[in-house]
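**Student:** Read off the chains here:
2 protein chains.
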Amino acid sequence: MTVLQSFRARTGEPLGAPLVASTPQQIDAAVQAAAEAFEGWQSSDGATRGALLRALAQALEGDREALVALADDETALGTVRLNGELDRTAFQLRRFADIAERGVPFAWLDDPAVPGAPPAGHPAMARVQVPLGPVAMFSASNFPFAFSVPGGDTASALAAGCSLVIKAHAGHPLTSQRVHGLMQQVLQALRLPAGLIGMVQGGGNEVGTQLIRHPLIAAGAFTGSTRGGAALQAEANARPRPIPFYGELGSINPVVALPGILAAKGAELAATLAGSISLGCGQFCTSPGVIVVLDDPASDTFVAALSTALAGQNPHAMLTTGMRRAFEAGAKALVAAGARPLVNDLSDGPAPRPFLAQVDAATFIERAALHDEVFGPAALVVRATSVAQAVQVLQAVGGSLTVTLWGVEHDSAEARSLVRGATAIAGRVLFAGVPTGVAVTAAQQHGGPWPSSTQPMTTSVGDAALNRFLRPVALQDAPVWLTARQGQPC
Amino acid sequence: MTVLQSFRARTGEPLGAPLVASTPQQIDAAVQAAAEAFEGWQSSDGATRGALLRALAQALEGDREALVALADDETALGTVRLNGELDRTAFQLRRFADIAERGVPFAWLDDPAVPGAPPAGHPAMARVQVPLGPVAMFSASNFPFAFSVPGGDTASALAAGCSLVIKAHAGHPLTSQRVHGLMQQVLQALRLPAGLIGMVQGGGNEVGTQLIRHPLIAAGAFTGSTRGGAALQAEANARPRPIPFYGELGSINPVVALPGILAAKGAELAATLAGSISLGCGQFCTSPGVIVVLDDPASDTFVAALSTALAGQNPHAMLTTGMRRAFEAGAKALVAAGARPLVNDLSDGPAPRPFLAQVDAATFIERAALHDEVFGPAALVVRATSVAQAVQVLQAVGGSLTVTLWGVEHDSAEARSLVRGATAIAGRVLFAGVPTGVAVTAAQQHGGPWPSSTQPMTTSVGDAALNRFLRPVALQDAPVWLTARQGQPC
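Quick note, the sequences are listed as chains A and B, same order. For the first sequence, position 98 (counting from the first letter as 1) is numbered 98 according to this note's numbering, and the numbering increases by one without interruption. For the second sequence, position 4 (counting from the first letter as 1) is numbered 4 according to this note's numbering, and the numbering increases by one without interruption.
Since the hints were derived computationally from the structure, they do not count as laboratory data. Hints should not be assumed to be uniformly reliable.
What the hints assert, rightly or not - Simulated coverage check for chain A against chain B, where a stretch passes if three residues somewhere in it have a Cβ under 8 Å from a Cβ of chain B:
id, segment
1, 103-113
2, 117-131
3, 189-195
4, 240-247
5, 284-292
6, 401-412
7, 471-481
Please read all numbers here as calculations on a predicted model, not as lab measurements. Just so it is clear, CB atoms sit at the ideal spot from N, CA and C, and this is done for glycine as well.
This is chain A alone, in the form it adopts within the complex (with noise of 0.2 Å):
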């Protein structure tokens, strides 16, 4: 029987008994009770999906306290930053809520007969939306509520009018059943069935690996590191039906910053950016890890002064032991592929120190290890010689999630080769602040090419991440009592 136990992020002590993690008899039956409540789930309409939804951000607000406490306490995140997630997580329930009611992604496509031959002439069609099923939902590690049981990914999936079986991350699972047992009271009070949202638990990869291969189970979706992402991605595809697989992976989002804007206002964003950085001890999938500038006088300057900020930062316990470790590894491997440190504190103890180190754009093209992601508070100057060495850099870390573009402000040829650079590989451009910090809105894009995401067109973030979770199907010559049921599926 394979155990799971919870830790204090901040002592490393262990924190309550053993848990047991759930069995191949227990994953079974969390998939097959998905699958059964699925069946009624599908058909539900708007406002039964609406009701659901704000009732779970309800009842998340209704136990705060003691939520925020247990999470802190199994993460060291900080009650001031677990109480804002509590909130985006309550705003997203509602958002989603919202969309639910309001029904816009579940409109048809109407698509009436044309008379005659092909290729004018064709049948009557209409383009519907239709829910994928049971969705194995994989919960990030460093958001204990909005990445994780109560996060965007259940939200989307249930107004979607799919089910969940969840599988909660071994770095808070106190935290995670906790949730999961307010939501399941929720389910209990509206007459849902229990298995709409289920959840399992393990440490190792034999829990997420046998519910990523059930055969019932209909998508996937995954908040974590590239490696850990690319192993279940693997999974589905190997499946005799391989299924969607929606991964939002790591990222080392560059900050291009030209010599302009660095010469009017560099002091201010070198404090702003090594807030960035080392906010929330850099266990943002956003995090500044890479900060292109070129060779200049005002570069030199903004440097010195993001290294002296960035080594006044005094970042928090990391989440856990092992990240903790993989964080000072990444960053003597930075060191041994060649980059220069300059703010390389290195401590013991769960809080690591902030890194940062330089390389020249020519060194960084060329070496691979280089553009690796190192989760936590570090960052890599990479210098260029020139705007178009600035857009090869670009080019050679090759998908991420944000690119930042500070000094665009005015329209050139250089302006227009940094903006064709940044939105070939990210899925977010900025052209002002810092990525940390992922608006839950309408427009919203977090997911882009590989190695940040696994399907680059899809969004975990903001309204269209619903839209992972249903397929289009065209209905030729549907009749009318099918027809007539617009908006609302079969």
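Knowing the structure of chain A, use the given hints to seat chain B on it.
**Tutor:** Using the frame of chain A, we list chain B on its own:
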């Protein structure tokens, strides 16, 4: 030096001199040229894209007589069908010209800033669509125009702002070369770079494999067998940077025919279905391969009429001798797996005889060998004891481009369960007529769950085909010079 030979499909005799397959150097040069052409084409306006697509349609029509004669010699599809296919191909090109000119797929979603703290407050966002880059396009054997060099993938990728390197199909190399020559003349007349529409040729897997592995290729689009598509998808996933791969693969297209409608007009439906099974010698991805009937006297009469009607069909020669051999092997495999032949007049020569067999639903559900597509004029009657078992047959099929439901004109619990069962596995559900013939229109969905396609959320036919080649990007706090360019990528 690898050679490639065209054959006359009706006789198997060589047609013309041997051709030389593209060398690794030529493939690399074609991709490099496509990447250079993409630099400009990604920023082209709708009028420019529309002008190219319309000129390509006109060029095809202008060379109609010679093209159809050559394609008929290489494929044996017949001049009536090939003239219709050329019309359809020109129609598709002009339809995507319309779409590019109107610009709807490129419209920006504006999401103005909301003041205040997150989660409700957020910066100004805009959701835009950017073309992916050079596309590797793999032509089909069975549509020498509409799913080949000048086909739907080409039209939709060009309209989206992508360049292409097309892998011509070895089943019709001379037609491919002639069409590509015409397209090159159009590019020259419009002063567009030759590399915008590159072409490579080869008989084995090497050329296609090298093409999809090329680091500058941004996406793949394929129409063909499940086996070939799965191999190329595995290559796309195994790249250091995986890319989207849109494979439109094999499908067995179940038709469910209920006793009521068979009693009313079974004879007419049998004749229509026999024509659909043998149309184009069954060489359509939408060819009906499984006919589900319930145990009922009306079903018996229908199956007898279908057998008679199918035995009276005279399919033309198959596209290649390899496909001819595969058809016979596939029919024999169904018998070996337990199907009882009803029409089994196997013959020698390039034109096969139609094949029909029958099996009970329980055996069909249990034996995966009975779910394999037999490409050619073949179908399998599956006898179910109830509507519930017919739904289980659909679940066993698992994924299909189409499902056809005959006899659900009226609302009932059984009708709903069939509609749910059909939409769960298919991209298109028909309530009348036969699945062969795929309208090029706004609501079309040509692509369903595995094994019918690799990306069931996308379509290779219809207006939404263009979306496969665009990727959403969120612009955050974009400067005025950029937002003023709405609808035209930077």
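**Student:** Look at each hint and say if it fits the structure.
**Tutor:** Verification of the hints:
no.: 1; hint: 103-113; verdict: holds (count 3)
no.: 2; hint: 117-131; verdict: holds (count 10)
no.: 3; hint: 189-195; verdict: violated (count 0)
no.: 4; hint: 240-247; verdict: holds (count 4)
no.: 5; hint: 284-292; verdict: violated (count 0)
no.: 6; hint: 401-412; verdict: holds (count 4)
no.: 7; hint: 471-481; verdict: holds (count 10)
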